[in-house]
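Asker: One-letter residues, chain by chain:
There are 2 protein chains.
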Amino acid sequence: MLLMEHLIKVYNNISRKKETFVPINSPFVGMYVCGPTVYNDVHLGNVRTFVSFDVIYRYLQYYGYKVRYVRNITDVGHLTEDENAEDKMLKQAKLMQVEPMEVAQLYTNNFHEVLYLFNCLPPNIEPIATGHILEQIEMTQAILAAGFAYEIDGSVYFDVEKFNKKVGYGKLSGRKIEDLIANTRDLDGQENKRNNLDFALWKKANPEHLMRWKSPWGEGFPGWHLECSVMSTKYLGANFDIHGGGMDLKFPHHECEIAQNQAATHYEGARYWLHTNMLTVNGQKMSKSLGNGFLPAELITGDHPVLERGYAPMVIRFFMLQTHYSSTLDFSNEALDAAEKAYFRLMNAWENLNKLSLTPNANLQDAAEMEEVNRLCEACHQSMNDDFNTAMTIANLFELSRKINAYNDGKLALESLDEPTFARLQATYNDFIQVVLGLKNEQKEQGGKLTDGLMDIILDIRKAARENKDWTTSDLIRDRLNTLNVVVKDAKEATTWSVN
Amino acid sequence: MLLMEHLIKVYNNISRKKETFVPINSPFVGMYVCGPTVYNDVHLGNVRTFVSFDVIYRYLQYYGYKVRYVRNITDVGHLTEDENAEDKMLKQAKLMQVEPMEVAQLYTNNFHEVLYLFNCLPPNIEPIATGHILEQIEMTQAILAAGFAYEIDGSVYFDVEKFNKKVGYGKLSGRKIEDLIANTRDLDGQENKRNNLDFALWKKANPEHLMRWKSPWGEGFPGWHLECSVMSTKYLGANFDIHGGGMDLKFPHHECEIAQNQAATHYEGARYWLHTNMLTVNGQKMSKSLGNGFLPAELITGDHPVLERGYAPMVIRFFMLQTHYSSTLDFSNEALDAAEKAYFRLMNAWENLNKLSLTPNANLQDAAEMEEVNRLCEACHQSMNDDFNTAMTIANLFELSRKINAYNDGKLALESLDEPTFARLQATYNDFIQVVLGLKNEQKEQGGKLTDGLMDIILDIRKAARENKDWTTSDLIRDRLNTLNVVVKDAKEATTWSVN
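So the protein sequences, as listed, match chains S and H. Be aware that the first sequence starts at 1, since it is given in our numbering, and climbs by one per residue. Be aware that the second sequence starts at 1, since it is given in our numbering, and climbs by one per residue.
If you're looking for bench data, these hints aren't it; they were derived computationally from the structure. Just so you know, not all the hints are guaranteed correct.
It does not matter which identical chain is used: a pair holds within one copy or between any two.
Said to hold, decoys possible - 30 Å max Cα-Cα, derived BS3-like pairs, lysine-lysine:
{"id": "1", "residue 1": "LYS162", "residue 2": "LYS355"}
{"id": "2", "residue 1": "LYS411", "residue 2": "LYS489"}
{"id": "3", "residue 1": "LYS463", "residue 2": "LYS411"}
{"id": "4", "residue 1": "LYS285", "residue 2": "LYS341"}
{"id": "5", "residue 1": "LYS288", "residue 2": "LYS214"}
{"id": "6", "residue 1": "LYS234", "residue 2": "LYS355"}
{"id": "7", "residue 1": "LYS492", "residue 2": "LYS91"}
{"id": "8", "residue 1": "LYS204", "residue 2": "LYS234"}
{"id": "9", "residue 1": "LYS341", "residue 2": "LYS489"}
{"id": "10", "residue 1": "LYS489", "residue 2": "LYS204"}
{"id": "11", "residue 1": "LYS234", "residue 2": "LYS171"}
{"id": "12", "residue 1": "LYS234", "residue 2": "LYS214"}
{"id": "13", "residue 1": "LYS492", "residue 2": "LYS411"}
{"id": "14", "residue 1": "LYS162", "residue 2": "LYS463"}
{"id": "15", "residue 1": "LYS171", "residue 2": "LYS341"}
{"id": "16", "residue 1": "LYS234", "residue 2": "LYS469"}
{"id": "17", "residue 1": "LYS489", "residue 2": "LYS94"}
{"id": "18", "residue 1": "LYS355", "residue 2": "LYS492"}
{"id": "19", "residue 1": "LYS341", "residue 2": "LYS355"}
{"id": "20", "residue 1": "LYS193", "residue 2": "LYS489"}
{"id": "21", "residue 1": "LYS91", "residue 2": "LYS18"}
{"id": "22", "residue 1": "LYS355", "residue 2": "LYS489"}
{"id": "23", "residue 1": "LYS18", "residue 2": "LYS165"}
{"id": "24", "residue 1": "LYS17", "residue 2": "LYS341"}
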């Protein structure tokens, strides 16, 4: 890949345009994605976000960029939205009667397990909010020094109105400060900040608050928005390439990040802002109150009233990638069933492809056929270059899979291709499935049930052979099973087997 | 389990005696284990340590204690032992030409993957050294305030001689300060500390040092010993129950931890100090310079000159647990082969046990037989109560497995047991293998190769049936494979199969 050519285009939410992606310091790319708040099981919307950015991370590397992917873990400061804004971690720790860091650890582990199941690559750095308290205090000091924050009674707030007048607030979300002021609720006496729009950089800890650190303003804890400004700039610099996250984080979280970054460093942080869209179930918004929200584990097992059955993690990953990350993704049993069939078609063609071997024959080569295969291979790149359009890429792979199956069935002559074209077909299909889309061949990994089923067949044939005194077959089965270390035991009740 | 009875005894390295384990605040138990320095692949000695404490963690919980298990990740401050003492993380980061935190992340992920393979439970809290800089600065301040440290040119050192005079140094390792002074090398000009024995609590960062934080003494980074004092007491309190780690950490690391804890909190930290012993290979110390040190992955694949072949992770885990954690563990191909055979014997008996079902018959019950089974079950508990003696526990499980196989083969009548005894046998065998020793049945998880082997047998039988015009057999195979979604394709060259 020639990195001088920057062929990737991304839809940049801050300019609301599709732009050519030009890294600040090519071939290096810095990408920050907002990670989970680890106070409960990771939800499916998060998984979609992380699968989407996993493919973006994979493709940028495949394209030739050297990517530093940073994704944080939020273990402090993320407040609940109810009136008595409580820290989500602390609330869960109280419920579970454990130390808050035990809650964080438990759900961090859960998060990692789920993303491992969905074959997401780990980021290069996964910084933790409580691991960067010192840096958060320093950024708060810098924002205070720049005049965009004020301290009241041990807490420090960002002064949104002042920042808006001098620099401008709302660029990412397109919201106007007048409208925002008109629409904020007046929560009397709850907080002593000057203006409802202002947000906490540092919060004073009540006596009963467990997570607390010493600061120049007394004991307290950092505000939620601050950690992402701190950790993105610490590991990627004040001015980096990509910032990603779920659409729901655009406002206020990302808007506040930009304000903090500009106040502290004069830079906006990222140049390209990418957001993944929300999930729906049978056309309705997925939400707790509607009872139609299932966890990743429930989708895998099928153990949820909305689901007819479960789906393998790779089928779910494939299903997610069939929709572009910036579109709403609708879950339904029908759509998942269809995705499962499609996924296995793709995998079967993949197996067929890797069994094919070409003996080139110049007399049989067909220029039109070669051109078409080359065009389809090129199209896989083009669709990924077009704002990482995995939906289009999958469509192109399906066109290739029809070719592959035709070569395999003999309906098309494999010899119509020359060696470079066939090699390109193999490389493209393999790479886009495995390296770029990060799909694994699920059926290859199963084993257990299939093994039991096959052994049942063999033991039934053996039984029949013995009844028919066909000792040749029954001896053959015994010897062949022996070489596989399978030991068969005949007892009165049943014949059983085990592996030695 | 009656928690009023504290029946567990542990060998306490600080008293050099086997003592009854009485938690400070029963049923709660706090346990801290020194985790890895994440600058390269985790080595096998570390895996042995973490497998050992995993079993201790499992057994304490099985016994009924509520355990908070804290195991740290060292990502800063661990200096190399050569003359120009360099931070291990930074050295590796330079070699890899990446940011130090990328090195930490890469090897933290590797570490987690390896422990996952060996079926170690994650600790309740896994704190990171760089995530506790503020707390390390605070403890340094406390030690300075207590008069046991001094600052020179932006670094802070612990004053070992002064501490020794006033409180006493060397209790854990049994070393005398006079001998230590006589034996330390004089590294001229390398550090400006007062005494060679003194160790850094905080080190000034050179201009080229990448990992640096602001502190009251200028920009720098914490000393290695400090993090464990800080993180153990932060999450377990100044006075907690168990501190574990490899024998090589006893001095100076754990000795320095105790000194820091006493200087800052007046407590020694842990009451019980447990150390795992070292590894040898064919009787020789495992070491880089001897070329006989293999990584966990190499032991699994067998890809190392010293190894004849590879072993499954569960076989290795079982092999490790066959030796008491405080004894030297010697690796050899013969010992590993023997362990593999023993492991599969244990697993086979486990499978047999779970297939047995008892129809109680009062006439056939045998008091002596029941007493023996009950005694062996009790012995499993007793051996774990005796300083977590997994070697003895495994020996007891083997005695039980001989019983189980005899019941299974009909050499002993299962009906000689009454229902409670049989239930106890099943519960004990299941629990000790699965819950306490943390072993999984490795052969159950394979699948892939076995499936291929079984399909080969079936396809050969099918081929022979077709040649013999035995359509019954060939149709049966087709139909049965259909129900398993296995599709067979006959082509000129070969017959292939796939799962739909």
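Asker: Between the shortest in-copy and the shortest cross-copy C-alpha distance, which are at most 30 Å for LYS489 and LYS204: within, between, both, or neither?
Answerer: neither (70 Å within a copy, 70 Å between copies)
Asker: Reference check for the pair LYS162 and LYS355, CA-CA at most 30 Å: within, between, both, or neither?
Answerer: neither (66 Å within a copy, 74 Å between copies)
Asker: Between copies, within a copy, both or neither: which fits LYS234 and LYS469 at Cα up to 30 Å?
Answerer: Intra 77 Å, inter 74 Å, cutoff 30 Å: neither.
Asker: How would you classify LYS341 and LYS489 at a CA-CA limit of 30 Å: within, between, both, or neither?
Answerer: between (39 Å within a copy, 19 Å between copies)
Asker: Regarding LYS489 and LYS94, is the shortest C-alpha distance of 30 Å or less found within a copy, between copies, in both, or in neither?
Answerer: Answer is neither: 54 Å inside a copy and 60 Å across each miss the 30 Å cutoff.
Asker: My question is about LYS285 and LYS341: at a cut-off of 30 Å on alpha-carbon distance, are they close within one copy, between copies, both, or neither?
Answerer: within (26 Å within a copy, 56 Å between copies)
Asker: How would you label the pair LYS492, LYS91 (within, between, both, or neither) given a Cα cut-off of 30 Å?
Answerer: neither (59 Å within a copy, 67 Å between copies)
Asker: My question is about LYS234 and LYS171: at a cut-off of 30 Å on alpha-carbon distance, are they close within one copy, between copies, both, or neither?
Answerer: Within. Shortest intra-copy distance 23 Å satisfies the 30 Å Cα cut-off; inter-copy 42 Å does not.
Asker: When no copy is named, should LYS463 and LYS411 be tagged within, between, both, or neither for a Cα gap of at most 30 Å?
Answerer: between (41 Å within a copy, 26 Å between copies)
Asker: When Cα atoms must be at most 30 Å apart, do LYS162 and LYS463 count as within-copy, between-copy, both, or neither?
Answerer: Intra 86 Å, inter 83 Å, cutoff 30 Å: neither.
Asker: One pair to classify: LYS341 and LYS355, alpha carbons no more than 30 Å apart. Within, between, both, or neither?
Answerer: Classified as within; 21 Å inside a copy, 37 Å across copies.
Asker: Indicate which option fits the pair LYS355, LYS489 if close means a Cα-Cα distance not exceeding 30 Å: within, between, both or neither.
Answerer: between (37 Å within a copy, 13 Å between copies)
Going down the numbered hints, you'll see the structure goes against 1, 5, 6, 7, 10, 14, 15, 16, 17, 20, 21, 24, while the others check out.
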